[in-house]
Amino acid sequence: MKRYSAFAVAREAARYHLGWERAWASPEPKKHYDVVIVGAGGHGLATAYYLGKNFGITNVAVIEKGWLGGGNTGRNTTIIRSNYLQDPSAAIYEKARSLYETMSQDLNYNVMFSPRGVMMLAQTQHEIRGYQRTAHANALQGVQTEWISPARVKELVPIIELKGPRYPVLGALWQARGGTARHDAVAWGYARACSAMGMHIIQQCEVTGVRQQDGRVTGVTTSKGEIACDKLGLVVAGHSGVLAEMAGFRLPVESVALQALVSEPIKPCMDVVVMANTVHGYMSQSDKGEMVIGGGADGYNNYTQRGSFHHIEETVRALIETFPMISRLKMLRQWGGIVDMTGDRSPILSKTPLEGCFINCGWGTGGFKAIPGSGWGMAELMAKGHSPLTEAFSLDRFREGRFIDESVAAGVAH
Amino acid sequence: MLTLHCPYCDVQTDETELTPGGEAHLTRHGPGSDDDAFHDYLFSRANPRGVHFERWRHGYGCGKWFLAARDTRTLEVFGTYEAQTTEPPDHILAAIRDKRPGWTRAS
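Heads up: the protein sequence lines correspond to chains H and P, in order. Everything in the first sequence is counted per UniProt numbering, starting at 1 for the first residue and increasing by one. Everything in the second sequence is counted per UniProt numbering, starting at 1 for the first residue and increasing by one.
Among the hints, erroneous ones may be present.
[Stated by the list, open to error] Estimated spans, in silico, between C-beta atoms of each pair: (1) Phe38/P with His32/H: 38 to 46 angstroms; (2) Thr102/H with Gly63/P: 39 to 47 angstroms; (3) Leu140/H with Phe38/P: 29 to 37 angstroms.
[Stated by the list, open to error] Computed from the model, here is a short list of chain P residues facing chain H with C-beta under 8 angstroms: (4) Thr72; (5) Arg73; (6) Leu75.
Derived from the structure by calculation, the hints contain no laboratory data. This one's a predicted model, so the numbers in the text were calculated from it and none came from an experiment. For each residue, glycine too, the CB sits at the ideal point set by N, CA and C.
So here's chain H without its partners, still in its complex pose (with noise of 0.2 angstroms):
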């Protein structure tokens, strides 16, 4: 692989940029690898790219039904942010956004992490309650976050009305190095670093069935010929249950349709993410300048990857409230990604009933955030058998009990 660098640049710049490399390759598969990863988006490719970084592990095979990126991590609204309540979520959110901090170095692509902080407004006593309680649990868990007066906020985002007739800003819950980062660059980034390690990126080649024997795995069955693997992770978002039933177990998730929208371009405004939980809506400024908006998801099972637009409606008539310069707003465009939401709204990163298979799945509407830190704890769960990270994000904790209540996950109530 020929690293990026500004020299490149300049020597690409000089030659018609004729000596650029594919990012990645693209071979066909072999019959044999050590690991098998169903599923070529962020997850999945940040835990190939752990298994070969922290173990050594690089007879790895990334297979993806669709392209690379396709799902809901080029479908998200690539905020970055890690203040959760429960201890496991905090460390395990916490790992990733601090890996973020320095992913552009590591991988060598630049992910355009922009850590410009991201505030979660509170606009009923309830919620000052529960985010004051937050702040004081991130303190503990060692996760800057704090707490915000309402002239604070607007001093952060001078465009915010505070005095919204119905849902007023009491203030906000504020974590100064949360942030955004350029979503599909994450995914191109981890599968170019993959690829140089030699792991094979397997695109268009869909998974139809899951091999077994006496209980072991022993590969898969794709529409592109049998692959046999010693050890298979299955990182497939809201398609979890299908791969599930094929391999013999079910899961507690149910697919449903989350969906976000962005506005034509307009000269910068704000700064900072804002998250306004109550109404169910989220609202950044990217780059280009377009407003990224998402909101609540679909309450019943959906596969379609569209959502439906009374959402939108909603979502956008409870932010005019409290941002009324965006009436104006025209919207560009909108779409949708089908989220799996496990019963405590937390996720699962486990092993299953069937041995040497391996779960990563459940991170409903927040998947973007926790990519590098899924990966890590994801790869050392197949490296080792365990990992402090997983740990509580077993399949087996709905068994017994022991949730990771997050139900504001999300940051919208669900």
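Model the placement of chain P on the given structure of chain H, informed by the hints.
Okay, now just chain P, sitting in the frame of chain H:
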């Protein structure tokens, strides 16, 4: 927008009038049942990519629960029926097989 027929009011209703209630026909395990059965009742869900049976409440109408057979991949609705049953009625199953030949209901 998803529209469903309320079998009690006999009207076609928008999803904004309705409250989704999750998977239908779950066997409700209670005290005395073993841990696995109770776990499955509380948490395990079919979550199919295709034909799905689910509960809906006509919240802004009659307020009653009814059941629907729907395709989660296409949003096609095969039919709705009253909730006072533990199994999908034959005419619903026939409507599904009519549109999805070869479909069988997972146990």
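Hints versus structure:
1. Phe38/P with His32/H: 38 to 46 angstroms: holds, 41 angstroms
2. Thr102/H with Gly63/P: 39 to 47 angstroms: violated, 55 angstroms
3. Leu140/H with Phe38/P: 29 to 37 angstroms: For Phe38/P against Leu140/H, whose Cβ atoms are near 34 angstroms apart, the range 29 to 37 angstroms holds.
4. Thr72: At about 5 angstroms, which falls below the 8 angstroms cut-off, the nearest Cβ of chain H leaves the hint on Thr72/P intact, so it holds.
5. Arg73: holds, 5 angstroms
6. Leu75: Holds. Min distance 6 angstroms.
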